[in-house]
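Chain order of the listed sequences is A and B.
Going by numbering that gives the first Met the number 0, the first residue of the first sequence is number 0, and it counts up by one from there.
Going by numbering that gives the first Met the number 0, the first residue of the second sequence is number 0, and it counts up by one from there.
To be clear, the hints were calculated from the coordinates, so they are not data collected in a lab.
There's no promise every hint is true.
[Unchecked claim] Using C-beta positions, here's what the derived DEER-type ranges look like:
| no. | chain 1 | residue 1 | chain 2 | residue 2 | range |
| --- | --- | --- | --- | --- | --- |
| 1 | B | I28 | A | I249 | 32 to 38 Å |
| 2 | B | I28 | A | L183 | 45 to 51 Å |
| 3 | B | A23 | A | N92 | 28 to 34 Å |
| 4 | B | R32 | A | E84 | 44 to 50 Å |
| 5 | A | D103 | B | R32 | 32 to 38 Å |
| 6 | B | L6 | A | I203 | 30 to 36 Å |
| 7 | B | T49 | A | I249 | 31 to 37 Å |
| 8 | A | D91 | B | R48 | 16 to 22 Å |
[Claimed, not checked] In silico SDA-like links for lysine to any residue, alpha-carbon gap of 25 Å or less:
| no. | chain 1 | residue 1 | chain 2 | residue 2 |
| --- | --- | --- | --- | --- |
| 9 | A | K69 | A | F82 |
| 10 | A | K12 | B | L6 |
| 11 | A | K12 | B | A10 |
| 12 | A | K101 | B | I68 |
| 13 | A | K205 | B | Y8 |
| 14 | A | K101 | B | T49 |
| 15 | A | K172 | A | V130 |
| 16 | A | K12 | A | K205 |
| 17 | A | K205 | B | L57 |
| 18 | A | K12 | B | D1 |
| 19 | A | K205 | B | L29 |
| 20 | A | K101 | B | Q50 |
| 21 | A | K101 | A | M280 |
| 22 | A | K38 | B | V76 |
| 23 | A | K12 | B | L13 |
| 24 | A | K188 | A | I178 |
| 25 | A | K12 | B | A23 |
| 26 | A | K38 | B | I68 |
Only a predicted model underlies this, so the values are computations on that prediction, with no experimental measurement involved.
Glycine is no exception: its CB is placed at the ideal position from the N, C-alpha and C atoms.
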Amino acid sequence: MASEPHTSAEYIKHHLQNLTYGKLPDGTWGIAHTHEQAKAMGFWALNLDTLSVSLLLGLIFIFIFRLAAKNISAGIPVGLQNFCEWSVEFVDNNVRGSFSAKNDMVAPLALTIFFWIFLMNLMDLLPVDYVPFLMGKLGVPFFRIVPSADPNATFGMAIGVFLLILYYSIKIKGIGGFIGELTLQPFGKWGMPANLLLEGVNLIAKPISLALRLFGNMYAGEMIFILIALMGGAWVGLTPGGVTLYGSQILLSLGWAIFHVLIVTLQAFIFMVLTVVYLDMAHQEHH
Amino acid sequence: MDMAHALLYIAGALMMGLGALGAAVGIGILGGRFLEGAARQPELIPMLRTQFFVVMGLVDAVPMIAVGIAMYVLFAVA
Numbered sequence: 000m001a002s003e004p005h006t007s008a009e010y011i012k013h014h015l016q017n018l019t020y021g022k023l024p025d026g027t028w029g030i031a032h033t034h035e036q037a038k039a040m041g042f043w044a045l046n047l048d049t050l051s052v053s054l055l056l057g058l059i060f061i062f063i064f065r066l067a068a069k070n071i072s073a074g075i076p077v078g079l080q081n082f083c084e085w086s087v088e089f090v091d092n093n094v095r096g097s098f099s100a101k102n103d104m105v106a107p108l109a110l111t112i113f114f115w116i117f118l119m120n121l122m123d124l125l126p127v128d129y130v131p132f133l134m135g136k137l138g139v140p141f142f143r144i145v146p147s148a149d150p151n152a153t154f155g156m157a158i159g160v161f162l163l164i165l166y167y168s169i170k171i172k173g174i175g176g177f178i179g180e181l182t183l184q185p186f187g188k189w190g191m192p193a194n195l196l197l198e199g200v201n202l203i204a205k206p207i208s209l210a211l212r213l214f215g216n217m218y219a220g221e222m223i224f225i226l227i228a229l230m231g232g233a234w235v236g237l238t239p240g241g242v243t244l245y246g247s248q249i250l251l252s253l254g255w256a257i258f259h260v261l262i263v264t265l266q267a268f269i270f271m272v273l274t275v276v277y278l279d280m281a282h283q284e285h286h
Numbered sequence: 000m001d002m003a004h005a006l007l008y009i010a011g012a013l014m015m016g017l018g019a020l021g022a023a024v025g026i027g028i029l030g031g032r033f034l035e036g037a038a039r040q041p042e043l044i045p046m047l048r049t050q051f052f053v054v055m056g057l058v059d060a061v062p063m064i065a066v067g068i069a070m071y072v073l074f075a076v077a
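The following block holds chain A by itself, in its conformation from the complex (with noise of 0.2 Å):
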């Protein structure tokens, strides 16, 4: 670690700090070395790891997939052509089974969705230490290597489907259509403004909660690992206490990590299955 933390509180809050790109206080821009730093850059202040390992690993998703259809026989799918038949053939499934208007366009969607989220969660599975302290060899402060476990980023991806989600409900009910739904639901035209009210929660929550579930799934997941990786680090010599505290940290997070392993894939692919019925509900045209 570059600055070599001390106390647990300053261990933890080593690991949760995003390597951040903006305006210092001094005018000049760079990278913020402490967490004040990174706090007063405000707006404009870009989260280097997150977007470079979200794109990095958006780029192998696409590389396995292209490399998959290059190399692909008629006769019987062997290795890596097998996988991804396989996952297309269960992304297909999951949205003949949920979607039930035609468009062509959320089938690759969810497949796209599904990877990329589950190789970021993915990224949670990694030792909590190694990735920052390689970085801190480099020379870079701060470095988190699961991007899911940004907010900004799950932010994005909800926000992204928000905006299909509004775009599919003008295209296919038309402007006056989607007022309709959000105006004249439940209680009739006599109760606009309740109707309002409730459908527009209703509306604004489908990202928040999208995109707050996955975030604070990977976030709590990263934290108890951080946590867990604490109880080595209580390491004062060959005493019974520091050999049974380090022994239960590789139990511990081998636990935690095959329970993990559940909660990424499960939470890819929740994430998959609501986009696709948030899709679908603005398809549906009732009334």
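Given the structure of chain A, go ahead and fit chain B onto it with the hints provided.
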């Protein structure tokens, strides 16, 4: 220990405890209904399992988030 720190610990305990309480009841009901449905119509088990995991992820998210925030409050803030 001064009052502010003590209150932070109590806040963390409340977050973890109440979140776990709600999720325990929710997942209990969910799992019970899943078993009931699976026993009534075993041919629907694959479909039910997918739906079960989706809803479990939804229910499970809230206490997990509460645990994460509580841990942050307990170990990094307090």
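Keeping to a limit of 25 Å between CA atoms, is the pair of A/K12 and B/L6 held or broken?
-> 21 Å, holds
Is the Cα-Cα distance between A/K172 and A/V130 25 Å or less?
-> 49 Å, violated
Is 32 to 38 Å a correct range for the gap between the Cβ atoms of B/I28 and A/I249?
-> 36 Å, holds
Beta-carbon spacing of B/T49 to A/I249 - inside the hinted bounds 31 to 37 Å or not = 34 Å, holds
Given the hint that A/K205 pairs with B/L29, test it: the Cα-Cα distance must not exceed 25 Å.
-> At roughly 23 Å apart (the allowed maximum being 25 Å), B/L29 and A/K205 satisfy the hint.
Between B/R32 and A/E84, is the Cβ distance one that fits in 44 to 50 Å?
-> For A/E84 against B/R32, whose Cβ atoms are near 34 Å apart, the range 44 to 50 Å is violated.
Quickly compare the C-alpha distance for A/K69 and A/F82 to 25 Å and report which way the hint goes.
-> 14 Å, holds
Is A/K205 within 25 Å of B/Y8, Cα to Cα?
-> Measuring from Cα to Cα gives roughly 32 Å; hence the hint is violated.
Hint check for B/R32 and A/D103 - Cβ pair distance inside 32 to 38 Å | The hint (32 to 38 Å, Cβ to Cβ) holds, given that A/D103 and B/R32 are roughly 36 Å apart.
Between A/K12 and B/L13, does the CA-CA distance stay at or below 25 Å?
-> Roughly 23 Å between the alpha carbons, so the hint for A/K12 and B/L13 holds.
Straight-line alpha-carbon gap A/K101 to B/Q50, limit 25 Å | 23 Å, holds
B/I28 versus A/L183 beta-carbon gap, inside 45 to 51 Å or not | Distance hint for B/I28, A/L183 is violated at roughly 35 Å.
The structure is inconsistent with the numbered hints 2, 4, 12, 13, 15, 16 and 25, although it conforms to all the rest.
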